[in-house]
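Visitor: Hey, can you work out the whole structure from these sequences and the hints?
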Amino acid sequence: MSTTKTGLGARPGLWVGLILGTCGLIFGLKASGAINDTTTLLLAIVPTALLFALFRSLANQRENRCGSTSQAGKRYIFGIMATSIAYVLGLGVAMWVFRNLDPSVELTWLLAMLPIAPILAMIFVMGRYIVEEQDEYLRHRAIMASLIGLGFVLAIGSFWGFLETFELVPHVPGWWAVPIWAMGMGLGQAWQSMRHKVGPVDEE
Amino acid sequence: MKNRLKVLRAERNWSQQALADELGVSRQSVNAIETGRYDPSLPLAFQIAEVFGMAIEEIFSRD
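First to last, the protein sequences are chains C and X. Number 204 marks the last residue of the first sequence (our numbering); no jumps. Number 1063 marks the last residue of the second sequence (our numbering); no jumps.
In short, the hints are calculated from the structure, not lab data. It cannot be assumed that every hint is accurate.
[As the list claims (entries may be wrong)] Label pairs and their calculated CB-CB ranges: (1) K1002/X <-> G186/C: 50 to 56 Å; (2) G1024/X <-> F124/C: 25 to 31 Å; (3) M1001/X <-> D37/C: 57 to 63 Å; (4) Q1047/X <-> I35/C: 21 to 27 Å.
All C-beta atoms, glycine included, are put in the ideal place defined by N, C-alpha and C.
Guide: See below:
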């Protein structure tokens, strides 16, 4: 029988709130002109560090709900944590250098790779989890969540794309595809969790 | 599909976690199968039947 982990370690909502709160504060300070680019980048270390706590908390929650986390699940959580942090840091460094140091074209290509590489790695981590997960129900849920995420990308992309074609809305960069996919996947998992809660809880 | 998993588990006084450990799946999986929200694959259905020492059709039936 697994031990239920409680307290802050099993409350992802708290960490999400703290991350959103610190991000909001940093964006607010930047938008008001109270801090410059360098300070913004330095302050971004705080929500990035909070990501560690969030992923640990998600792992604990998963263990409480599932009884134990599979090897594939552990590798997935570690992989997403590593790639998310690499993405945040890569994007921050690339944007700062691009805006402040007037890099050459060659260096700009390299800078663009800093956020691109972790995104590709993140997609690989998700694919590897689906292949490696031995628990068919959890694999089914992950596939459903990624399909829901894909549905969001296709629906929002087509909707916005046509509005853009008819010059009704401003251009949105293509890299938004992955964040929208991730948000859709998160909503997909949340929806499935809600459905899961409808049934009777574990009977000991 | 309907199943008698909950009844069979109760007869043996097994928790969902104990059955999950026996099957090598998560407690969530056992809960989802038991409540009819997820139909197991044929290999997992055979494994469940083996754990209970019964035939598949004695555990699972059509709606």
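Visitor: Hint by hint, note whether the structure agrees.
Guide: Cross-check of the supplied hints:
1. K1002/X <-> G186/C: 50 to 56 Å: violated, 33 Å
2. G1024/X <-> F124/C: 25 to 31 Å: Since the Cβ atoms of G1024/X and F124/C sit about 26 Å apart, the hinted range of 25 to 31 Å holds.
3. M1001/X <-> D37/C: 57 to 63 Å: Because 59 Å falls inside the window, the suggested range holds.
4. Q1047/X <-> I35/C: 21 to 27 Å: violated, 58 Å
Going through the hint list in order, the structure does not satisfy hints 1, 4.
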